[in-house]
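**Student:** Residue numbers (numbering that gives the first Met the number 0), protein chains in the order written: chain A, 0 to 463; chain B, 0 to 334.
None of these hints come from the bench; they were simulated from the model.
Just so it is clear, the structure is predicted and the values come from calculations on it, not from any experiment.
One or more of the hints may lead you astray.
[As the list claims (entries may be wrong)] Label pairs and their computed distance ranges (CB to CB):
id	chain 1	residue 1	chain 2	residue 2	range
1	A	Gln-275	B	Leu-313	55 to 65 Å
2	B	Glu-40	A	Trp-341	49 to 59 Å
3	B	Asp-295	A	Leu-126	29 to 39 Å
4	A	Ile-292	B	Glu-331	55 to 65 Å
5	A	Trp-344	B	Phe-116	47 to 57 Å
6	B	Glu-331	A	Leu-126	17 to 27 Å
7	A	Ala-282	B	Lys-108	50 to 60 Å
8	B	Pro-284	A	Leu-126	47 to 57 Å
9	B	Phe-116	A	Ser-15	19 to 29 Å
10	B	Glu-331	A	Leu-39	16 to 26 Å
Glycine is no exception: its CB is placed at the ideal position from the N, C-alpha and C atoms.
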Amino acid sequence: MTAEVLARLQFAFTVSFHIIFPAFSIGLASYLAVLNGAWLWTRDGRYLSLFNFWKKIFAVAFGMGVVSGIVMSYQFGTNWSVFSDKAGPVIGPMMAYEVLTAFFLEAGFLGIMLFGRSRVGDGLHMLATGMVALGTLISATWILAVNSWMHTPAGFSIAENGQFVPEDWWQIVFNPSFPYRLVHMVLAAYLTTALVVGGASAFQLLRAPGHTVSKRSLSMAMWMLVLVAPLQIFAGDQHGLNTLEHQPAKIAAMEGHFERHEGGVPLVLFAIPDQQNQKLDYALEVPHLGSLILTHSWDGQIPALSEFPVEDQPPVWIVFWSFRVMVALGFAMLGLALWGLWARWRGRLYSDPWLLRACVALGPAGFVAVLAGWITTEVGRQPWTVYGLLRTSESHSPLDLPALTTSLIGFVTVYFFVFGAGTFYLLRMMRKAPDTPRLGLRDGPIRTAGIMPGPTMTSGERSD
Amino acid sequence: MLGLELSFIWAGIIAFAVLVYVILDGFDLGVGILFPLAKTEQERDVMMNSVAPIWDGNETWLVLGGGGLFAVFPLAYAVVMPALYVPIILMLLALIFRGVAFEYRWRTKRWKRLWDFAFFGGSLVAGFSQGMALGGLVQGIEVVDRGYAGGWWDWLSPFSLLTGLAVATGYALLGATWLVMKLEGGVHDRMRRVAQPLGLATLVFLGLVSLFTPLQDEVYFQRWFSGGSLVFSVAVPVLVLLCAAGLWKGLRGGGDRLPFFSALGFFVLGFIGIGISFYPMIVPPSLTIVEAAAPDSSLAFALVGTVILIPIILTYTAYAYWVFRGKIDPSEGYH
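Same shape as in the complex, but just chain B (with noise of 0.2 Å):
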């Protein structure tokens, strides 16, 4: 029974810890993903500088998502790490280009533009190499023996393609609408212009992606339009479109906070999407959360430090993003 409770206490933090990164790095990926918007090397050097601060504990949130998979749920991550081999090689590849960029792009000149490019392409291949990952692992995973029974390229398909667009979309939305918030001038109005296609287009991705992940397995089918879950079914939809709804006006000019944090809506409302589809598998279709999980031992052990240490975590993030809060001073940066 205690395990039980563990492994489901657990399930919910390594699942908040992905959602955190989702939405932290999502906007910083997304301002390399619209890195070549930017006309002239200043508008590049600002928006470079909206997250150089803080890029680093954003993209940590991704080590405690994998890290914690790997020390709750050491089944899952054995199996999940081989059928993904391929965005997730990927992915890690990019985000090498693109977080050296940060640094490299002001200690060269002649190859000032190879690292502006390394940035945008990093930040590209990355959004779309996790957007895959998610459609590979919603679309289920073979599993004999206590390990992958696959191929390596099992996880590509049009439903895997699909999700790589949406999560590369919405991640240029996100990234938008922060520039919207945190920049002035020529670029933040751009932004603003640019973030109404990306939000029309998130939108319509969410609606694609909603609409075939039932199709990707009868369990989701039955999940979503059947029985208690039915009220979840409506209220998603609902509150996507109040998300939209604020996009919308935050864009015509009411304000520039709103955006970015309707934007957000979309990304917590699609998580809570999946989770729904998923529960109460880890590994769909074959591994359950209890199944995955490691000893009491283990669950225990890690679990009185992580129930202290996340606020901790939370409250100094939250203190560095107030440090640097604001619109952004085109002369400051140490370089």
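Only chain A is shown next, with the shape it has when bound in the complex (with noise of 0.2 Å):
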């Protein structure tokens, strides 16, 4: 185990926990503003219902993320502090402008959406609902520029003191790889929070068939998936031809591509890469439809990774299966969503229990590809933080080993128990419906002249 070794441990074990947080709060956050907004203009207690539900499961999920999140700001220095010199000048401001931007506008109208309602009335509350939405998708604007231009690193020179020095911060935030990072982080971030809607509305309609509450936010969950799926393989698709243009190294250890292929580019189905020798074992290959889908002709070639000085290479292992992992993902995902169309279509979708079993089936699986698509573009910009110019080996803090050892050891501790109870408890919120609207005087059918049949509205009410 070396220094380097640890921190790229630590680092990978402290983010992966935090990406999953986000990519679920950022599609909550936008639910939540539909939900509210749908609720003041049908005055429909069902979206009443569900604000209140999906709320607090969002509470504690951005919980979750605000305390991971802070780990990882001050990460950078304490595990990659050569990196936090070198880079802090491109990296730096564009965090800072995370935190002034959308950190402080979640955080200070997260209170008011919360707890606030009755405080400031229906349309500040709309507006505090509004800007924590926002605040979530800046944030990953933000975030996704500062990952971005590490992986295609523009509108800089560099220092006789190793600093990178910002020339042109529009083609630094605004760097090659930006915008289709970007989109393809916000869908997943929507099918993430697509699929969870589903599979809870789901669990909740096979306990309890009929619940009107839970109908409407299954329906809503399936409109967004057949959206969103479709939308998310075509930007996936766009995203890697980009990648192909940048950073040729990674598609092809994606691709398991070692040699060049004279005829055309294979897809490989299954394989065992075998780095050492470079070479693919036990290769299951499609002729041509590599060169298909990468450069949209029959014999097209692409950079094989022979190509590449061996020390220039990702680890192809990871990324070739964890890319293989989330396409995988997404065509289930597309195919639950055509599902659920045929479903609707024959007056199925509340009551096909093969079909709401599947929608909790893959309830998690947005998790699982934001992971494994994470694993993909990270994995595979090494050996580089900062793609083709600043390696990982000599990025990391001049720390003693069991500094290190000791934080990691603590890091998975703490995160597996603090995050382990925080799941269970999402879970055991999930599982049980939302309350069932009562109508009220204010909202229902006006019958009893003037007698107050009580409160107006019954939904929030402590959840054990």
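Using the hints, build the complex out of the two chains.
**Tutor:** Listed below in structure tokens is the structure:
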């Protein structure tokens, strides 16, 4: 174990946990804004029930995202101080803008969104909900600008002291891979949320068939899936072409493409990459399909791994397989979306037990796909922190091994305990169906001739 | 020349962000430190609900402090973080426990006491670690070739333990006076009583830290006991005593808000004291503000937005505080 390996393990571990929560809370914040808007627009109590139900789940997920995010913002310095010193002048201002434009916005309005409806009135409460949703999207924009710059650096020069000096901020922020990465990630967040909402609603419907509130949320989630799953596959394809242009070694690793194939690049469905001997074992291939997807021609060529020095190749096995997991899940999501569309047409969306079970089974698929996609892109960047310019082996802090070992053990223990408990609470909250709205005086047909039937709405009681 | 000015403006902004963090998260960490003093379930609920809508915004200033340092003084960030590795990691782990406790404790009956303890322990360890980190910074960090050159326990000393205790005690005072301002009934009266010894202890710690700080470095000594800054050396203690008088007057029945704002005064003055010692260093004894600053193109880009955004942030943060103004209604909360 070297300091570099330990620093990488720690970063990979903490960021893997962290990325799960934003992937969920970006989508959920937008969903809450839609629900709140739909409630104000239609005064249909089902939307308010859903808002109050998912609001609490959002609060728990957001809390976990905040605390794991603070760790990330300090870890650049604690474990990657050389990287921080050199890349800080470029990356730091973007991260500062993330704090100023996104984190404060979310945090400032979160309290009002969660606790303030009765204090500020519907209009301002809607504004607060919208601001929280906007904050999550702005946050994603900045952090993906940072991440994309590390993959496709642009708009800088290098000073004598080794620091990257910003020359053109427009080029830095809108670096070549940024638009693709941003779209891919935001769509992933929306897909993840749609799958979770759909899975929870399907579970509730399996337990309480015909529950009107769960039917509404399942319907919304399945529409979202129909909309986003095909879009995401298209966006992923475009992102892949962009990566081929700027990071060909990564694409070659994703495809397991060690040597050039003269007639055309096959698509490898299954194989065991053997990086030491620079070949694929047990390959199951579809001839020419790789060329067709990546170059949109029958015999187009892409650079092979053999054209890069071994020390500049990413770890092939990890990238090859994580990419396949992501793609397979993407197509499974598309399949579920089409199945849902078919069932809706046949009037069986809420009652087909196999469809509902499939929704439950794919409920966590978004998280797995996000993690797999993240591993593909980040491990694929290796052996660089700033692609082609700053090696990972030259980026870590001058720290003693025991310091890194102890902190890694600390993070692993605390994360599994704390976020394990959080996941348990989230699952328990989602298991119970949202409260059914009771019609009250204000919202229902006026029959009671002025006699108060009690509180207008009952939802949002203690969950246990 | 431009670079010189920009880096000093930025040093001011970072100092401001850290000060805002210390006074805002200071009181809500303090509420956590005082959590065991609640006698009933309901007292714990209102104590937590007095900060639940705002703690996240308060903690964001910590991210701005760290993120801002990374953005405009990357070299200082790269040197300080490995040097203060242990207290920083401790603080991060503690903040995890404390942050999730706000939601978790409402989600379970069986484990509620555990998350109550996490809220208390996380707040205490976070405050103590921040204090130790401060002490570690004040006593100086060894830098060679743009990197930290010491070991991972160099920060630990009687002085950093003293500053750790000082900050944790000060946070508890902030928490107690905040609760005096925000609550009513039994817990309010108890906090009023607790705030007196806490105020006294904070004053003693403030005195001890001030006494030992000039001994950490020749430069501090010069700064405090000679030349033009002697005016400050006299003014700061006088103002501290004024705040102490305000605190006592408030706690003896002179209004529920006065103690909180007097306690904030302690922190502002202590902070100014550190500023007097440090200037123009950012990482004593070897890195100045100018040396650690990022290139002008970074400083200018970040400054444009910051100057526009900070007033906006302060406005809506103030609005959020205004929405939740007044004494806490025990029946409120969304749980």
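**Student:** Please go over all the hints and tell whether each is borne out by the structure.
**Tutor:** A quick look at each hint next to the structure:
The given range of 55 to 65 Å is respected by Gln-275 (chain A) and Leu-313 (chain B), whose C-beta atoms sit roughly 58 Å from each other. As the Cβ distance of Glu-40 (chain B) to Trp-341 (chain A) is approximately 52 Å, the hint placing it in 49 to 59 Å holds. For Asp-295 (chain B) paired with Leu-126 (chain A), a C-beta distance near 38 Å keeps the hint of 29 to 39 Å intact. Take Ile-292 (chain A) and Glu-331 (chain B): their Cβ atoms lie about 57 Å apart, and the range 55 to 65 Å holds.
Trp-344 (chain A) and Phe-116 (chain B) have their C-beta atoms about 54 Å apart, which keeps the hinted 47 to 57 Å range intact. A hinted range of 17 to 27 Å for the beta carbons of Glu-331 (chain B) and Leu-126 (chain A) is consistent with their spacing of about 21 Å. Under the hint 50 to 60 Å, the C-beta atoms of Ala-282 (chain A) and Lys-108 (chain B), about 55 Å apart, fit the expected range. A hinted range of 47 to 57 Å for the beta carbons of Pro-284 (chain B) and Leu-126 (chain A) is consistent with their spacing of about 50 Å.
For the pair Phe-116 (chain B) and Ser-15 (chain A), the supplied restraint of 19 to 29 Å holds, since their beta-carbon distance comes to about 28 Å. In this structure the supplied range 16 to 26 Å holds for Glu-331 (chain B) paired with Leu-39 (chain A), their Cβ-Cβ distance being about 22 Å.
In this structure, none of the earlier numbered hints is contradicted; all agree with it.
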